[in-house]
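Asker: Chain B: place on chain A using the hints.
Just so you know, the protein sequences line up as chains A and B, in that order.
Each residue of the first sequence is one higher than the last, beginning at 1 in this note's numbering.
Each residue of the second sequence is one higher than the last, beginning at 1 in this note's numbering.
Bear in mind the hints are in silico, worked out from the structure with no lab data behind them.
A portion of the hints provided could be inaccurate.
What the hints assert, rightly or not - Stretch-level coverage of chain A by chain B, calculated; a stretch enters the list once three of its residues show a Cβ under 8 Å from a Cβ in chain B:
#1 48–55
#2 85–95
#3 118–126
#4 129–143
#5 174–182
#6 185–195
Predicted model, so just to flag it, every value in this text is computed and none were measured.
Ideal Cβ placement from N, Cα and C applies to all residues, glycine included.
Number of protein chains: 2
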Amino acid sequence: MTERPPAGPLAPSWRLDLPPWLVASFDGAVARTYATAEERMAVAVDLARRNVAMGTGGPFGAAIFESESGRLVAPGVNLVEPGGCSVLHAEIVAIIVAQSRLGTWDLGAPGLPAHEMAASTEPCSMCLGAVPWSGVRGLLTAARDEDARAIGFDEGAKPEAWWRELEARGIRVTRDVLRTEGRAVLEEYAAGGGTIYNSREGE
Amino acid sequence: MTERPPAGPLAPSWRLDLPPWLVASFDGAVARTYATAEERMAVAVDLARRNVAMGTGGPFGAAIFESESGRLVAPGVNLVEPGGCSVLHAEIVAIIVAQSRLGTWDLGAPGLPAHEMAASTEPCSMCLGAVPWSGVRGLLTAARDEDARAIGFDEGAKPEAWWRELEARGIRVTRDVLRTEGRAVLEEYAAGGGTIYNSREGE
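The following block holds chain A by itself, in its conformation from the complex (with noise of 0.2 Å):
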């Protein structure tokens, strides 16, 4: 009970980085389309990949595209640690990016291409929620929560049929997609021994 917040006045901003390493290789990726889920979600479980590989999080990946040309809009990977902010899941990363690209916090706005977001594991109850918000039209999903569940992440309290939540506002699921490689990437990241957070270490 003494560690204190620091008295003064409040910092006036906060700065999101993104590793490097990701900003380096999304040059390369918008260059080309990606034309079928599984496409798409192998990008989201290469970032999922490639975020344990670079030790810049946890092994989550997601990405947002436009749904009928294809094109990648933004990337998002699990940045909680290395930003040290619980709300930096991979699906929330997604969005900041892509509402800030395009200058919107709704990618459903009039005008706008439909969009369409790829999660390397099902989302958790906080992503689950923040989709609606988004504006995307679709998801995708490949590591089920029993995944997730099964190297010791909590995904939080979900509707049992949570897909039709979406559904029911008007975001088509499609679950399943490369669900063997996302599930590898978390039994990878559990062998390797990385930190699995669910926010009850404390009393």
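Answerer: Leaving out everything else, chain B in the frame of chain A:
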């Protein structure tokens, strides 16, 4: 279908700017402590009201305190429109600010005092999911879900008795703290013609 994200490199960082009035007002606020649930909630509701009055976002405020000492650690307001980002709900902003000030992604980490959040409206599904990840051990709420829905906001898919999901994770929930005051801010916002966004504007 004409707007396109900029091609070329990804911006290496993203900045969240807090409203200047929020930063300016925080100095005085940290000089005192907030002993009771009502005093803590009054801070959150006042933030919501000022956010509307200053035109810096939606009618939602949150604040994080040390549970025992009552010290104010971090304020938060809804910054979705000015920040151009759908995840910037008041609770998320408060979590970002608190974790940034304390230098940790887990406010419940060993060695830290317990923390409690006050939110001027019951959390939407995203924020409900974000609370356990943040590491706070308590949540106070004012206006209810139905008060937010009454003016058109979508709270998303939440369990019927959502507070039980938090209590099952060791987070104590106290509802209806200054509910009338929290609801009044929502009603004033709606009466004033404020934007009611629910990510269903697009096709």
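Asker: How does the coverage statement for the segment 118–126 of chain A fare against chain B, requiring three or more residues with Cβ below 8 Å from a Cβ of that chain?
Answerer: This one holds; 3 residues, not fewer than the three required, reach chain B with a Cβ under 8 Å.
Asker: How does the coverage statement for the segment 48–55 of chain A fare against chain B, requiring three or more residues with Cβ below 8 Å from a Cβ of that chain?
Answerer: violated (count 0)
Asker: Can you take a look at whether the segment 129–143 of chain A is actually covered by chain B? Rule is 3+ residues, C-beta closer than 8 Å.
Answerer: holds (count 7)
Asker: For the segment 185–195 of chain A, do three or more residues have a beta carbon lying closer than 8 Å to a beta carbon of chain B?
Answerer: Check failed, 0 qualifying residues.
Asker: Quick check: the segment 85–95 of chain A, covered by chain B? Criterion 3+ residues, Cβ under 8 Å.
Answerer: holds (count 6)
Asker: According to a criterion of three or more residues whose C-beta lies within less than 8 Å of a C-beta of chain B, is the segment 174–182 of chain A covered?
Answerer: The restraint on the segment 174–182 of chain A is violated, since only 0 of its residues have a Cβ under 8 Å from chain B and three are required.
Violation of the numbered hints given earlier is confined to hints 1, 5 and 6; the remaining hints are satisfied by the structure.
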